[in-house]
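J.: Chain order of the listed sequences is A and B. Numbering follows the numbering used here, in which position 12 of the first sequence is assigned residue number 12; successive positions increment by one, without gaps. Numbering follows the numbering used here, in which position 65 of the second sequence is assigned residue number 65; successive positions increment by one, without gaps.
Think of the hints as simulated: they come from the structure by calculation, not from any bench. A couple of the hints might just be wrong.
[Stated by the list, open to error] Selected chain B positions facing chain A (in silico; Cβ < 8 Å):
{"no.": "1", "residue": "P40"}
{"no.": "2", "residue": "E42"}
{"no.": "3", "residue": "K49"}
{"no.": "4", "residue": "A53"}
{"no.": "5", "residue": "I100"}
Glycine included, every Cβ here is placed at the ideal spot set by N, Cα and C.
Residue strings, one per chain:
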Amino acid sequence: DGGITQSPKYLFRKEGQNVTLSCEQNLNHDAMYWYRQDPGQGLRLIYYSQIVNDFQKGDIAEGYSVSREKKESFPLTVTSAQKNPTAFYLCASSPQTGRTSQPQHFGDGTRLSIL
Amino acid sequence: GDSVTQMEGPVTLSEEAFLTINCTYTATGYPSLFWYVQYPGEGLQLLLKATKADDKGSNKGFEATYRKETTSFHLEKGSVQVSDSAVYFCALSGPGGSYIPTFGRGTSLIVHP
Numbered sequence: 001d002g003g004i005t006q007s008p009k010y011l012f013r014k015e016g017q018n019v020t021l022s023c024e025q026n027l028n029h030d031a032m033y034w035y036r037q038d039p040g041q042g043l044r045l046i047y048y049s050q051i052v053n054d055f056q057k058g059d060i061a062e063g064y065s066v067s068r069e070k071k072e073s074f075p076l077t078v079t080s081a082q083k084n085p086t087a088f089y090l091c092a093s094s095p096q097t098g099r100t101s102q103p104q105h106f107g108d109g110t111r112l113s114i115l
Numbered sequence: 001g002d003s004v005t006q007m008e009g010p011v012t013l014s015e016e017a018f019l020t021i022n023c024t025y026t027a028t029g030y031p032s033l034f035w036y037v038q039y040p041g042e043g044l045q046l047l048l049k050a051t052k053a054d055d056k057g058s059n060k061g062f063e064a065t066y067r068k069e070t071t072s073f074h075l076e077k078g079s080v081q082v083s084d085s086a087v088y089f090c091a092l093s094g095p096g097g098s099y100i101p102t103f104g105r106g107t108s109l110i111v112h113p
């Protein structure tokens, strides 16, 4: 079955540590996205990528970094500069950006907590 | 810019009650409209969509009609079940506006037996 796989499901970060969240998709989608979700809040866009080797900042990119070296992979690094990283992180993908009637597909998320 | 407004939650209902979750939007052009559902501890799943005015999206007993005249896309279900308890998100994306989806804040639904 095609889908999006996020790992790990739970992650703990120590003070001053960078951590990387994995996102892999086998849907052959061009676009990939990272969202942050806080309790009782909607989705906030961190970064998105329309094509390999290109990505754009979303609304809350500070303290995060990404790479897009392969079409199927879009890892997110939460750096030590992100002072409040505790949240639920969701990765999503969608077909080529011109087809805006196509919905996003989401992974099952990674819950990040501070130790 | 584009925006989506959903009714505040939580919405609390008894099993077999009628459900309406309101969603209104502001957008340029003629966006596609979506409802997603998020069960506890999971990602979002597409529930239904509509791509043009007067289209009705439906799935699993849920329905929503794209109303351009009122810029609305209200979610309805005739008889809810306990298993429908989840958070529901209304969203829109292009054309005319950004292809990056704009999401509402989500509405929590709690269904009691």
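J.: The structure should be examined with respect to each hint, and the outcome stated for every one.
T.: Structure-based check of each hint:
1. Checking P40 (chain B) against chain A: minimum C-beta separation of about 11 Å lies over 8 Å; hint violated.
2. At about 5 Å, the closest approach between the beta carbon of E42 (chain B) and any beta carbon in chain A falls short of 8 Å, and the interface hint on this residue holds.
3. Of the supplied interface hints, the one on K49 (chain B) holds, with its beta-carbon coming within about 6 Å of a beta-carbon of chain A, less than 8 Å.
4. The criterion of a C-beta within 8 Å of any C-beta in chain A is not met by A53 (chain B), whose closest approach is roughly 13 Å, and the hint is violated.
5. Interface restraint check: I100 (chain B) against chain A, minimum CB-CB distance 6 Å, threshold 8 Å, status holds.
In this structure, the hints that do not hold are numbers 1, 4, in rising order.
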